[in-house]
Each structure stands twice: as structure tokens, then as C-alpha cells.
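*Asks:* Sequence:
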Amino acid sequence: MTDAAARFLNAPLGAPGSGRVRYGAAMDLWQSGRISAEVLEVFRVAAAHDSRDPFAILKERGLPLPERPMMENPLNSLYSAIRDYVLTLDHLGAAEVRAGLPTDPGPGRRMPARTNAVVDRWLAPALAAAGADQPALCAAIERAAGALEWVTYGGYPPEDIGESFASGHAFAMIKGGDAPFASENFDLGLFLIAPNVLYRDHAHPAPELYAPLTGPHGWRFGPGRPLIAKPAHHPVWNPPNQPHMTKVGAVPFLCVFVWTGDVDKTAYVLPADDWAALEALTIA
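So for the sequence shown, this note's numbering puts the first residue at 1005; every next one is plus one.
Calculated directly from the structure, the hints in this document are not laboratory data. Careful, some of the hints might be misleading.
To be verified - Once the Cα atoms are required to be at most 20 Å apart in a straight line, the calculated EDC-like pairs of lysine to aspartate or glutamate come out as:
id	residue 1	residue 2
1	LYS1269	GLU1188
2	LYS1269	GLU1146
3	LYS1234	GLU1283
4	LYS1063	GLU1045
5	LYS1234	GLU1071
6	LYS1269	GLU1100
7	LYS1063	ASP1088
8	LYS1269	ASP1182
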């Protein structure tokens, strides 16, 4: 049973008015012939006490229990919300991305949730900034965040990538070789960077989509090239080994990322002589 009436049967015990909500849902089920009058009467009596569990009373009396719908796994909801968002974006890699994002991601697996200082400090402000444009997606991220394994990547030498980035970012995999939803040679995840951090010039063999939920942030596509400010929801497609750099603005950088191949090959830093100036730059 997955309709609205059945879901209201799960109104939390003790919440003001929850007894009446459960009784109203039971009335709807009785009118459609899905529960008996005797079962309905239990919900009516229990409605006077918001903390009384009608299901416990039904069990004590040996009466049939209305089917209680399974609540959707927050990671499934997150995958669906991200897929719906990403597939609306227009970019050169759209066909590659779509091919790796089926409607059904397959069976999920429980990952070790891991707290992260960057996430604790900056995820909520990022979601607050993005929520006006994408309320459903941001709500799905918020619900699932605690079930994700957030990692601060340590593969770059700190002296090359910069200390502010090395300690000021986190990512969480959603689909991939070591993710809640398994896939081969295709990665999907969330990426978070603290405000004003410079993610120095780098490249990797993997073709990559960035789908920023916040902005504006600065981008360039090769050392020495001009910095371009891009708003939220402006996708960035990086072909294999294309140099790219991100200068985070005043709000945290939160994006969906996708790698569509060569996911096991390492990223590398591309030296540039203007990082100090870019570190000091502020993007409003």
C-alpha cells in the first residue's frame, strides 16, 4: 500500500493531532473496503490519545494489521532526485551521462557513514543557498547526507594542490565501484568545497561533468587562461585530460559530479605561477 492515506497511518506517535490524522487515514481505508469496521474502531478510540499506538492494540486483539508502506530509502530518493536534475542539463557529454544513469540504480548497499568537518560546517549553508532553486533536490541531499561516506581526498600532494583545498573539501560517492549503488567505470557523487578556496589547475583522463548547485564560482580551462565566473546550474563538461580550475565564491561550492570512464586513473596537478593571486581573489 503506497497511497497517501496509507502513509498517514505512520503519523509519528505523540505529535499533536497525530491520533486524528491516523484515524482520518483509517476512515479512508475503511470507505474503500481495505480495513474492517472493527479495525476502524480501534483507530477511532486511539485518536483521542496522540501517543497511543493503534497498531499495538490491533496486535493485542489479534486483529489484522493494515499494511504499512515501506518508507523509501533516502539514498534511492537522492539518486532519483539527482538523476532527474542532471538529465535536464545540456552539455557535450549528455549522452554519456544519460547512459550511466538508468531509472533503477539496482540494489543498494549500506556504506559506513563517516562524519566530516567540512560537511558539518558547510553543507547546510550550501543547501540553504541552493534550496530556492532546487528545493526537492536539496531536501533529498539533506535527508541522505548522514548515510553517505564523506571523504576528504588525500591523493594530491598538499604542497601541489594547496593546503586550503587539501583541508577544505569533501566528496561522497553515490554510484560507482565503492558506492551505495554499484557500477563499473562510472562514478556519480556530491562534491563540497568551503568558500573562497582555490581548487588549483588539474586534469584527469576521466571525462567529467560538474553540475554546480551554487554559484557564482570562477573557472578556467588551462593555466594562464582567463577566469570565467559561472552561475549555479551552469554545467561544466571536461573532456579527458582537459585542464580545469575552480575558484570558489562567497558561498560554498556544492555540485553533482559524474565521471563517465577511466575512473581509476589518477588526477594530476598542472603548475601555474598565479595561484597566490587567485588564492587572494574574492568572487562576490
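*Asks:* State for each hint whether it applies.
*Replies:* Structure-based check of each hint:
Only pairs whose Cα atoms come within 20 Å are accepted, and LYS1269 paired with GLU1188 is accepted, the gap being roughly 13 Å. At roughly 30 Å between alpha-carbon atoms, LYS1269 and GLU1146 are farther apart than 20 Å, so this suggested pair is violated. Using a Cα cut-off of 20 Å, the hinted pair LYS1234 and GLU1283 holds, with the two alpha carbons roughly 18 Å apart. Between the alpha carbons of LYS1063 and GLU1045 the distance comes to roughly 14 Å, so the proposed pair stays at or under 20 Å and holds.
Proposed proximity of LYS1234 and GLU1071 is contradicted: the alpha carbons are some 49 Å apart, above 20 Å. This hinted pair checks out: LYS1269 and GLU1100 have alpha carbons roughly 18 Å apart, not beyond 20 Å. The suggested pairing of LYS1063 with ASP1088 is violated, with an alpha-carbon distance near 41 Å, which exceeds 20 Å. For a cut-off of 20 Å, the pair hint linking LYS1269 to ASP1182 stands: about 15 Å separates their Cα positions.
Of the hints listed earlier, those the structure fails to meet are numbers 2, 5, 7, in rising order.
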